[in-house]
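Enquirer: The lines below spell out each chain.
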Amino acid sequence: MENVTKPLTKNINPDRVFTTLADYECSGGYQGLRKAVKELQPKDVQQWVKDSGLKGRGGAGFGTGLKWSMVPGIDTPQTRYMIANADEMEPGTFKDRMLMEQDPHQLIEGLIIASYAIQANIAYIFLRGEYHLARQRLENALQEARAKSYWGEHILDSEFSLDIILHTGAGRYICGEETALINALEGKRATPRAKPPYPLVSGLWGKPTVVNNVETLCNVPHILNYGVDWYLGLGHGADKGTKLFGASGRVKRPGLWELPMGTPIREIIEEHAGGIKDGYKLRGFLPGGASTDFLLPEHLDVAMDYEAITKAGSRLGTGTLIVLDDKTCPVQMVLNLEQFFAQESCGWCTPCRDGLPWTVSLLKDIIAGKGRLEDLDTLAGLTRMLGPGNTFCALAPGAVEPLQSALKYFREDFERYIVKEAA
Amino acid sequence: MNEPILTQEEIREINAELEHYPDKAAVAIEALKIVQKYRGWVSDDCLVAVAGLLDMQPSQLEAVATFYNLIYRRPVGKTVIHYCNSVTCWMMGSDRIGESLCRRLNVGLGEMSAGGEYTVLPIVCLGACDHAPAAMVGDRLMLDMTENAVNEIFER
Amino acid sequence: MARIDIDGRIHEVRNGDNLLSACLSLGLDLPYFCWHPALGSAGACRQCAVIQYKDAEDKRGKLVMACLTPVADGLRVSLDAEHAQKFRADNIELLMTNHPHDCPVCEEGGECHLQDMTVMSGHTFRRYRGLKRTHNNQDLGPFINHEMNRCIACYRCVRFYDDYAGGKDLQVLGMHNNVYFGRFEDGALANEFSGNLVEVCPTGVFTDKTFSAHYVRKWDLQSAPSICVHCGLGCNIAPGERYGTLRRIINRYNSEINGYFLCDRGRFGYGFVNSPERIRNPRLKGYPDITAETAESHFRNLLKSPKPAIGIASPRASLEANFALRRLVGEENFFLGLDDTEHTLLNAIAELMLDGGIRSPSLREAEQADAVLILGEDVTHSAPRLALSLRQAARHASFELAGTLHVQPWQDAAVRNVDKLASTPVFIAAICATRLDDIATDTYHGSSEDIARLGFAVAHGLEPSAPEPSGLSDSVQTLAASIADSLKQAKRPLIVSGTVCASLAVIQAAYNVAKALPSANKQLTFTVPECNSLGLAMIGGRPLSQAFDRIGKGLTDSVVVLQNDLYRRAPSRTVDLFLQLTDHVVVIDSLENKTAEHAELLLPASTFAESEGTLINNEGRAQRYFPVYPQAEPVRAAWQWLTSVIEDCQWQHHDQLTDACAGAFPCLADIVQAGPGANYTVEGSKIPRQAHRYSGRTAMRPEVSEPRQPQDNETPFAFSMEGDTEQAPPALLPVVWAPGWNSNQAINKFQQEIGASLRGGDVGVRLIEASGSLPWFGDIPAEFAPSPGRWRTALLPHIFGSEELSLHSPPLLERLPPFCVLLNPLDAEALGVEAGDLAEIDSLTGVAAMKVPVQIEPTLPLGLLAATAGLPGLQAIENGAEVGLKKVNPGAPL
Ligand SMILES: Cc1cc2nc3c(=O)[nH]c(=O)nc-3n(C[C@H](O)[C@H](O)[C@H](O)COP(=O)(O)O)c2cc1C
Ligand code: SF4
Ligand code: FES
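Protein chains in written order, with our numbering: chain Z, 1 to 423; chain P, 1 to 156; chain H, 1 to 894.
Derived DSS-like pairs (lysine-lysine); straight-line CA-CA distance at most 27 Å:
id, chain 1, residue 1, chain 2, residue 2
1, Z, K188, P, K37
2, H, K420, P, K24
3, Z, K370, H, K132
4, H, K59, Z, K195
5, P, K24, Z, K188
6, H, K420, H, K491
7, Z, K195, H, K54
8, H, K553, H, K307
9, H, K62, Z, K195
10, H, K420, P, K33
11, H, K86, Z, K408
12, Z, K311, H, K62
13, Z, K188, H, K168
Computed beta-carbon distance windows for the label pairs:
id, chain 1, residue 1, chain 2, residue 2, range
14, Z, F62, P, Q8, 42 to 52 Å
15, Z, N140, P, L109, 27 to 37 Å
16, Z, D326, H, L26, 57 to 67 Å
17, H, L26, P, E19, 48 to 58 Å
FYI, nobody ran anything at the bench for these hints, they're computed from the structure.
Glycine is no exception: its CB is placed at the ideal position from the N, C-alpha and C atoms.
Between the sequences and the hints, there should be enough to build the whole structure, so can you do that?
Expert: Here you go:
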């Protein structure tokens with residue numbers, strides 16, 4: 001067993017020189033793929049990934065191997081699609097871009113193995129339109145990989161063939177939601193679809209389809225290459241493997257680090273990010289991107305894994321922390337977030353389409369000194385109204401997470417605007 | 001006959017896309033992006049022409065075009081400057097960046113600068129939060145933006 | 001059936017239905033917007049929220065959307081749970097944040113689903129104090145107003161217009177709370193079913209422009225159940241009147257026919273009733289102002305002539321009026337008043353239906369077909385509402401495939417997502433491209449002969465003993481084989497044909513195909529041109545040309561023309577001569593026309609809106625229409641004029657006439673069941689035509705008074721607001737209303753189950769059930785061979801432009817098809833004409849050469865010259881005539 005502890009970033013130099021195919025192959029690249037198509041049955045690959053305990057890194061944390069195993073009838077010939085979700089647009093999240101720009105072959109290999117595991121013959125990379133560098137590097141890498149028969153007809157002389165299409169989007173956060181993404185790929189408006197039927201059963205053009213996040217897929221080659229046991233040894237706690245954690249905001253060294261699952265938040269903020277900038281204090285943070293609940297300094301010792309963060313009252317989300325310092329107004333920060341979500345609502349369902357603009361208008365009123373105390377109840381009511389299960393997709397429930405926790409933790413900041421005016 | 005609205009080049013590229021998709025309408029977004037690549041934006045005439053090429057009604061294509069923020073249905077400058085206004089960049093001063101961009105060019109958001117060179121638009125998180133505030137000048141990502149960096153854009 | 005628990009009570013509901021539909025079927029009140037029984041569930045509005053519990057232990061439950069929740073045994077839900085109620089109230093509060101609250105000036109006010117649901121949900125106090133987003137509106141043409149600020153974004157409009165009706169020019173634009181339902185630019189909505197937006201929209205975004213022009217509130221309209229008179233399908237309508245003018249037409253639910261939807265001709269064609277062209281007074285040549293009594297006695301005198309008068313009947317008059325005419329003149333002297341080809345075709349159709357042994361489906365049944373062959377029709381134009389049904393039938397394979405994925409039919413988007421993977425066989429053979437081509441598996445364009453030949457070939461392919469056309473080309477043979485193959489495999493194949501090709505061979509070929517089909521559930525339907533075409537054929541009578549002969553030979557000198565403009569039936573010169581030679585011409589009609597001009601005695605007849613009668617639709621279903629408002633003296637119903645001059649007439653009342661008609665023809669025996677007679681009462685009183693909120697009855701006239709309401713002795717309805725509608729048979733309801741439900745959605749309260757028959761039964765009685773069998777038809781025409789330098793005319797019906805009555809409706813006139821003739825591109829090239837050039841048509845009977853602009857139609861076969869049937873200015877072109885054609889040089893005098 002090799003002593004690899006940072007599989008995702010092992011090829012990525014601190015000065016971020018972009019990995020070539022040769023570099024990639026030198027460090028074991030495409031060995032996982034070779035093993036998969038030469039030695040393993042698709043079901044075996046599914047089982048390996050299931051055993052590894054890998055959970056989706058796109059935010060929802062669903063077991064990746066389990067998801068693949070739910071694709072119906074993979075032993076019968078039928079069109080199936082594999083999609084890499086590279087639409088990264090959640091504010092505060094900057095991990096997939098780095099993976100694609102710095103080591104594009106890793107994603108490509110993961111995508112090919114995943115396609116093999118579900119016996120998809122067409123794979124798409126749905127890349128957000130603004131990621132121009134990532135597009136260039138992926139295009140390049142795809143050509144290189146094709147030349148070496150890592151994809152195309154009869155991959156590495158096996159029975160398995162795969163076509164990969166790099167598709168770039170035209171904007172809109174909602175395209176990251178997997179069924180909206182499918183509509184966007186079909187050239188339609190990216191409104192989400194009702195589930196059931198799940199894309200696993202009827203997805204892109206009505207065919208069985210799996211959507212996985214870029215980071216999720218990047219884990220896969222290593223699981224195959226180094227084995228399940230090695231992978232299980234990487235995590236600190238209940239969750240397995242490593243994860244890209246990041247921090248942005250007023251920390252000394254904002255950035256991205258590959259760390260074991262379950263790394264304590266304190267370690268991320270204080271060690272890796274170098275602590276809060278001089279002259280500022282930590283007021284709170286969103287642990288996993290814009291659509292997660294605020295946590296407070298008292299939560300610094302919570303481990304960054306799915307369960308622990310949930311217990312603390314938030315979500316691991318994308319694992320990229322957004323730090324709130326004491327000189328930034330949490331109410332204004334929440335306004336910025338809700339403006340984002342209101343603008344990115346697809347317009348399909350009522351609570352999200354009409355509820356988010358109302359939160360924006362109330363927050364603006366409050367900040368402009370035109371707020372009333374009962375507005376805080378209205379806001380709290382709206383966060384419940386837009387909660388999980390109440391809307392058509394998960395955008396709105398995510399959107400209200402920072403607001404609902406801000407109302408809980410920073411209520412005095414809201415009240416100060418209102419009461420000052422009244423006085 | 002009227003002058004063809006789309007160039008041979010555009011038509012060829014759009015037709016090439018058709019091969020990747022099971023039906024013509026599926027190419028809608030791609031086709032709009034191709035037109036925009038050459039012209040910066042999608043005029044009504046172009047939209048109608050593309051719709052014709054894809055056997056769609058203009059209304060059907062407009063439904064798609066107006067959903068996506070990277071499809072411009074109004075003229076924009078030769079270079080579009082997108083500055084990120086999402087949470088981290090906002091925290092790190094993106095409002096000032098936006099303002100100084102506009103001031104420097106003497107335009108409001110979405111307007112074209114004199115000579116049609118630039119348009120400034122806000123954009124959602126560019127995935128560069130560790131180098132906030134971020135912006136994109138054309139296709140080029142700019143990190144750790146300052147007001148000085150804004151000046152440099154136009155001085156080069 | 002599934003047993004489910006709703007708020008602690010056990011109910012039996014249909015397994016697999018969605019919970020919202022199940023609740024409404026049970027009569028429970030649950031608010032909704034985006035769901036529609038015909039459009040399925042979308043899950044967008046989130047208004048139908050209820051609480052679902054895992055089991056009896058679960059006290060918290062979770063919020064679910066009823067419209068997205070399939071019912072199954074053991075489902076436990078609560079509509080009343082406080083959390084659910086609060087969610088629904090809060091949700092509507094959100095919907096209303098941008099609503100303009102302009103109810104006083106909104107055409108939807110008082111029959112607004114949004115108003116009803118707002119009250120039902122309990123949102124009564126507005127907290128939002130932000131700005132409302134505003135939109136600009138568009139000009140959507142003569143039918144529909146657009147007021148986007150009222151939009152609550154339920155997406156029903158586009159789901160109806162695009163998904164259900166196949167329209168493409170109305171879309172959802174924009175996103176987030178700036179979604180906009182409109183067109184790329186101003187312009188008339190192109191789809192022929194656009195009027196349904198008025199009823200599908202739960203608020204006042206899309207309203208009826210023709211109604212706005214003389215608007216009153218719903219409850220101030222007087223209404224009675226009625227039948228559309230603008231084609232042969234017999235859609236059920238609810239017309240509304242105020243101050244003696246007809247104000248609008250809305251859909252009247254009939255699960256077997258139109259369901260929830262009408263076509264735009266049916267909805268907006270009513271203007272003829274109010275037209276200045278209406279004949280309001282009797283007229284005697286030389287005596288313009290005569291009373292009804294004078295007219296009647298003059299009529300009686302005319303009939304005393306020694307030579308027997310002949311009667312010319314009408315396919316747009318009721319059975320009873322035609323029957324009365326037949327009695328008046330005698331069977332010998334009774335002529336059907338159709339052009340001779342149509343006469344033959346309708347006789348053939350009636351015979352095939354009565355004795356052919358193949359079921360003639362209702363529209364609902366047509367919608368359930370799993371394979372369709374259309375032989376010779378552009379259904380959207382010849383029988384519009386049928387086209388909408390066929391569009392749904394074309395989804396059959398999608399439903400099947402979706403079923404294998406455990407997707408229920410009401411999961412609309414999910415079913416549509418597999419559309420491209422499944423294809424229902426729909427074959428269309430027509431003269432040229434049709435409006436249903438987008439759902440066709442394959443299309444064929446040819447002359448009527450060639451269409452018939454294809455049909456015969458399909459029949460032969462299905463059943464070798466069926467006669468085979470000789471000399472078929474390989475491509476036609478291949479097509480015929482593939483059609484035969486698809487139809488053979490179908491469980492409920494449907495053959496559609498009709499009179500558009502003006503070809504008996506096409507009709508017979510359609511019969512052969514149907515006869516050859518192996519399926520026990522096969523269906524054959526024929527479109528017919530007018531609202532009582534089939535009824536007239538079932539009564540039977542002589543062809544019109546024989547009437548012309550009679551006069552020519554001097555066998556008679558007087559004629560009674562019942563609601564028929566003969567100039568639409570025969571060449572002008574023939575009719576001119578006929579009318580000249582006839583000493584006494586009596587015309588009974590409601591609108592001025594060329595025939596009426598020639599009348600010695602003109603008798604003003606009421607329209608469908610002011611009279612009663614029975615019509616038989618193309619399915620063979622007899623349906624009754626009732627006067628919406630009293631006719632203004634001296635206008636009388638045609639049957640009244642006729643019975644008033646029959647000697648020793650036994651028929652004082654319409655019911656008696658209906659009875660007599662039923663007694664006279666075995667095939668019409670059941671028409672008496674088409675509706676209760678005039679004696680029908682609910683607890684001793686008649687059914688009111690006016691809502692109980694009908695206002696201003698004492699102030700409607702210049703003098704403030706309340707004269708006695710006009711009496712209606714002919715129907716079970718009263719011109720009154722007194723009386724009880726609650727226990728009336730729902731099918732006789734003039735308007736649908738239920739407590740809390742002021743909008744058209746109240747129909748839920750009158751259905752046995754959502755989307756099923758009305759409680760108490762839908763309107764109408766089927767007169768014809770499949771019986772008998774006819775031998776194969778073998779009269780197969782030879783292939784069409786154009787003769788050089790000559791063109792065969794083909795008249796194509798158009799939804800706006802071909803039908804006589806609706807041509808008097810101003811908004812429809814704005815939607816007429818272009819004034820032009822169509823040519824194949826090669827023919828045009830040979831003639832040297834380009835699109836827009838004038839061509840001169842000669843050899844038209846009785847008309848000097850006619851100059852018409854040409855348009856090029858690539859799908860039109862060589863040697864044909866197509867034109868819109870009945871279009872003003874083109875009426876001189878006869879169907880199937882051979883004409884010469886030449887280019888008119890620019891600058892040549894017109
Ligand atoms: C509003 C919304 C936006 C999303 N955006 C993304 C995204 O940008 N990238 C991503 O991988 N997943 C995104 N997701 C999650 C996807 O729907 C999906 O769960 C994920 O791609 C599955 O991949 P995983 O199982 O590998 O995590 C989003 C979900 C929602 C509701
Ligand atoms: S919650 Fe509703 S409106 Fe918001 S993005 Fe999802 S589907 Fe669209
Ligand atoms: S009716 Fe159920 S969500 Fe609209």
